[in-house]
Amino acid sequence: MPAVQETIDRVRKIDVDQYKYGFQTEIEMDKAPKGLSEDIIRFISAKKDEPDWMLEWRLGAYRRWLTLEEPTWARVHYPKIDFQDIYYYAAPKSTPGPKSLSEVDPELIKVYEKLGIPLKEQEILAGVQKPAVADEEAEIGDNVYKSGRVAVDAVFDSVSVVTTFKEELAKAGVIFCSISEAIREHPELVKKYLGSVVPTSDNFYATLNSAVFTDGSFVFVPKGVRCPMELSTYFRINEKNTGQFERTLIIAEEGAYVSYLEGCTAPQRDENQLHAAVVELIALDDAEIKYSTVQNWYPGDAEGKGGIYNFVTKRGDCRGDRSKISWTQVETGSAITWKYPSCILRGDDSSGEFYSIAVSNGYQQVDSGTKMIHLGKNTSSRVISKGIAAGFSQNTYRGQVSAHRKATNARNFTNCDSLLIGDQCGAHTVPYMEAKNATAKFEHEATTSKISEDQKFYVMQRGIPEEEAIALIVNGFVKDVIQQLPMEFAVEAQKLIGISLEGSVG
Amino acid sequence: MNMHAQPQRTLAETALIDAFGERLSQLPGDGAVMVKRDDAIEAIKNGLPTRRVESWHYTDLRRLLTSVPAFEAGAVAKALAPVLEGSAVLPVLNGVSQTKLPEVEGVTVQRLSEKLTDGSVAPGLDPYGDDDAIGALNTAFVADGYFVDIAGGVELEKPIEFQNLQAGGQSHVRLLARIGAGAKAIIVERQAGEASEDGEALVSSVSQLVVGDGAQVTWLIVQEQQDTATHLAQFKAHIGKDAKLTVFVMNAGGKLVRQEVVVRTTGEGADFKLRGINLLAGDTHTDTTMVLDHAVPHTTSTEVIRNVVTGKARGVFQGRINVHQYAQKTNAKMACNTLLLSDDGEFSTKPELEIFADDVVCGHGATVTEIDHNHLFYLMARGIDEKSARGLLVKAFVAEVIEELDDEALVEALEERLDGWFSTHG
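Sequence order for the protein chains is A and B.
If you use the numbering used here, the first sequence closes out at 506, no skipped numbers anywhere.
If you use the numbering used here, the second sequence closes out at 426, no skipped numbers anywhere.
Hints listed in this document are in silico derivations from the structure and should not be mistaken for laboratory results.
The reader is advised that the hints may include incorrect statements.
Unchecked claim - Below, a list of computed lysine to any residue pairs in the SDA-like style, where the Cα atoms sit at most 25 Å apart:
hint	chain 1	residue 1	chain 2	residue 2
1	B	Lys329	A	Gly173
2	A	Lys406	B	Thr310
3	A	Lys406	B	Arg390
4	B	Lys333	A	Gly173
5	B	Lys255	B	Glu415
6	A	Lys406	B	His373
7	A	Lys371	B	Thr367
8	B	Lys241	B	Arg320
9	B	Lys329	A	Met460
10	B	Lys329	A	Val459
What the hints assert, rightly or not - Not close to chain B: a few residues of chain A, all C-beta gaps over 10 Å, as computed:
hint	residue
11	Ala32
12	Thr67
13	Ala172
14	Glu188
15	Gly224
16	Arg226
17	Asp285
18	Tyr340
19	Lys371
20	Ser380
21	Leu472
22	Ala490
Keep in mind that this is a model prediction, so the values were computed, not measured.
No residue lacks a Cβ here, since even glycine has one placed at the ideal position from N, Cα and C.
The shape of chain A in the complex, shown without the other chains:
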């Protein structure tokens, strides 16, 4: 917005380095030596008490990874990563029993309290159904209670420390535990589904993840069950130089439904951190999976130094007829985001959705989008992407929609809009559309613009100050996506967008 020089100045001055969640918790860590080799993988596998087949699976992936090259096609630039200079295993030493929060290291509880996460497990566990607190945060908590409950599988650097609500979920027949536990206790399910959506040979980072993943969540919703509560994982990168390699596997059997929330914060530090997660979703006949993410990892300081590298492979497989997978994401953090949550629409009449808000500021680089692969008959997909670029950031939407030969009546609608705030940032759109079936109907539209002076004038003319006017317009811009988020996330997401664009949109 050339007309409002102050706004630009303010955006430049934004204290990206005053990262709200920038603190470091001092907890003793149990670490493997730096670097990656077959021995390290054996070490991780042994630490996790894994069966032999799992070790072989990891080693197979590692051997494959050695033959792969790091991809360079994304519009992101960063110094070369030295994969031998990373710790691949770090576990909090005082791992408590997963049954009760009271056994958890109080330091950990403090971390969650500092995060102000909208999860009040302590109270819920203590039988508090509705806390009598009147502060602002409680209101968010309130929503959690009103909308039912939230079960948390908290990941603290690589190991699942606490798994709550297990019993209640067990009553419904839902399995919600760490992936390590699932490998030990439900090997038949893990063996059947792990790597069936993102194979070990999929891409450079997914293959690395397959070799070294240390933890993540496992969800299994059996036939006909509607998961009684929203499931949630809070990721947190803590120990210096520890890359996080989570593996999440969610399976919804015939007619099942599950909504999963993922949210992230990370402490402030100088060195870049690598995060290469893999998320696999499998929906069988008539099943529905809703996966929501709010990501606000450390984006780097005002000079673009530090910050998280987020190279994630997320893919959902609508394996059954009439199945549905919906991805919703709010991306405000990370120095570099490389993330394309995708849907393979294999079952007839299946549908996929992708709703995304990507906000970049400072020197952030975002290259994100989705893939909708139409294989079955009468499949439909919908993509709504809103990119907001400010400061010196680069924000790219990269998406693919394809209909294969037999995908009759495939239907896609894609809309990606970009908003530019300041003249030093860039917004890019790279959609790929591939139709191999005459009955396919694909529509794609994209626009890039700044907030128009007319819009701003209209709002300000009604007595609303400039900053608030911009905030109002931006809120309207992202409304379509915010509406898709579960209530408690929607509140956090709106706050985050505000913080991310502080100075320009209030």
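Starting from the known structure of chain A, arrange chain B on it as the hints suggest.
Same frame as chain A, but now just chain B:
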């Protein structure tokens, strides 16, 4: 070009490299030109681009170019009747420009072989990037073509039609055109061939255009190659201050076709329009790739591409609009619509926006669909049989783009070509 060293050369790569060795002594050019040729063949030695090269993602030239014909094949005897009656025709027959040319007031025409020999065109021979395989191929082998200079202020009454004709074999041709300030012209670039005994043809054709300040140019590319021909073409233009350039591309032939349109606005107030029709049939591959740079403030562009895919044809449209940081107040819009009429056909499109300036309005839209059943019903309910109704709708879909050209003679001539295609492929 492909950045990775190829382990083994394909037959086509080997044939091109060998042909260069054999042709070298006959290729015109002074020292500077020959250095450019050497650089260009080096690029080809590194391998033709594969789908791993982003700009060739949908046209894997290394895989698709399976063979390269020998240089001489059949011979085209004479030029075709021009698309627009009364045009001054500049024919290149079998890769060779002609000496006897029509005289047009205010226009200087020279044979490109002369300009290559004296080296005056050497600076323009560089490919525009590492992935510019067509530029490299053409620079290595270009032997002839024309240099057309339209003086400032000249308003041409009749169009100029450049014809590139051959019958099988290889030809590598270049057309350079300079339009003086305030001049007005319609230029037709005709790409066609005759069937020859061994059928195959490989044509590379590069057109380079500089539109002077305030000039107005309409450039029509009519490509009707034989369905055995590989046609690799490039159109490059710079548009000056307050100048207008309209490029119309009609692809209605060829076996393997790639038409690149590379345009840069260099003066404020420049306006660019691209209108394209791709009529695809048979077992063919046709790629239209546009790279548009809005390099200065206050420039506008619109692009409309319509595609009809039948048979086993594969179509590609890639369109990238780059808005440079300095290019504030850019207004750019692009649309690509495809009618996919066959289950064996396919169409891939990649409309890209790369935007570094904030005070801009840019948008693109793309659709792929079959004929709207409601439209079909509407016509059939009025007693029109299904085949005719379909024909009407498909023709209307592409004719819309032609009708936008506000020149009656032009619209009529192009619709005639359209009818010709529909009568053989309808």
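Against the structure, the hints come out as follows:
1. Lys329(B) <-> Gly173(A): At roughly 59 Å apart (the allowed maximum being 25 Å), glycine 173(A) and lysine 329(B) break the hint.
2. Lys406(A) <-> Thr310(B): Distance of about 17 Å is within 25 Å: holds.
3. Lys406(A) <-> Arg390(B): 23 Å, holds
4. Lys333(B) <-> Gly173(A): 53 Å, violated
5. Lys255(B) <-> Glu415(B): Satisfied, since the Cα-Cα distance of roughly 23 Å is no more than 25 Å.
6. Lys406(A) <-> His373(B): Cα-Cα ~20 Å, so holds.
7. Lys371(A) <-> Thr367(B): 17 Å, holds
8. Lys241(B) <-> Arg320(B): Within the cut-off at roughly 22 Å; holds.
9. Lys329(B) <-> Met460(A): It holds: about 23 Å lies between the C-alpha atoms, which stays within 25 Å.
10. Lys329(B) <-> Val459(A): 23 Å, holds
11. Ala32: Answer for alanine 32(A): holds, closest chain B Cβ roughly 35 Å.
12. Thr67: Answer for threonine 67(A): holds, closest chain B Cβ roughly 15 Å.
13. Ala172: 43 Å, holds
14. Glu188: 39 Å, holds
15. Gly224: At about 37 Å from chain B, glycine 224(A) clears the 10 Å cut-off, so the statement holds.
16. Arg226: 36 Å, holds
17. Asp285: Non-interface label on aspartate 285(A) holds, nearest chain B Cβ at 27 Å vs cutoff 10 Å.
18. Tyr340: The assertion about tyrosine 340(A) holds, with a minimum of 15 Å to chain B.
19. Lys371: Holds, since 14 Å exceeds 10 Å.
20. Ser380: 14 Å, holds
21. Leu472: 19 Å, holds
22. Ala490: 28 Å, holds
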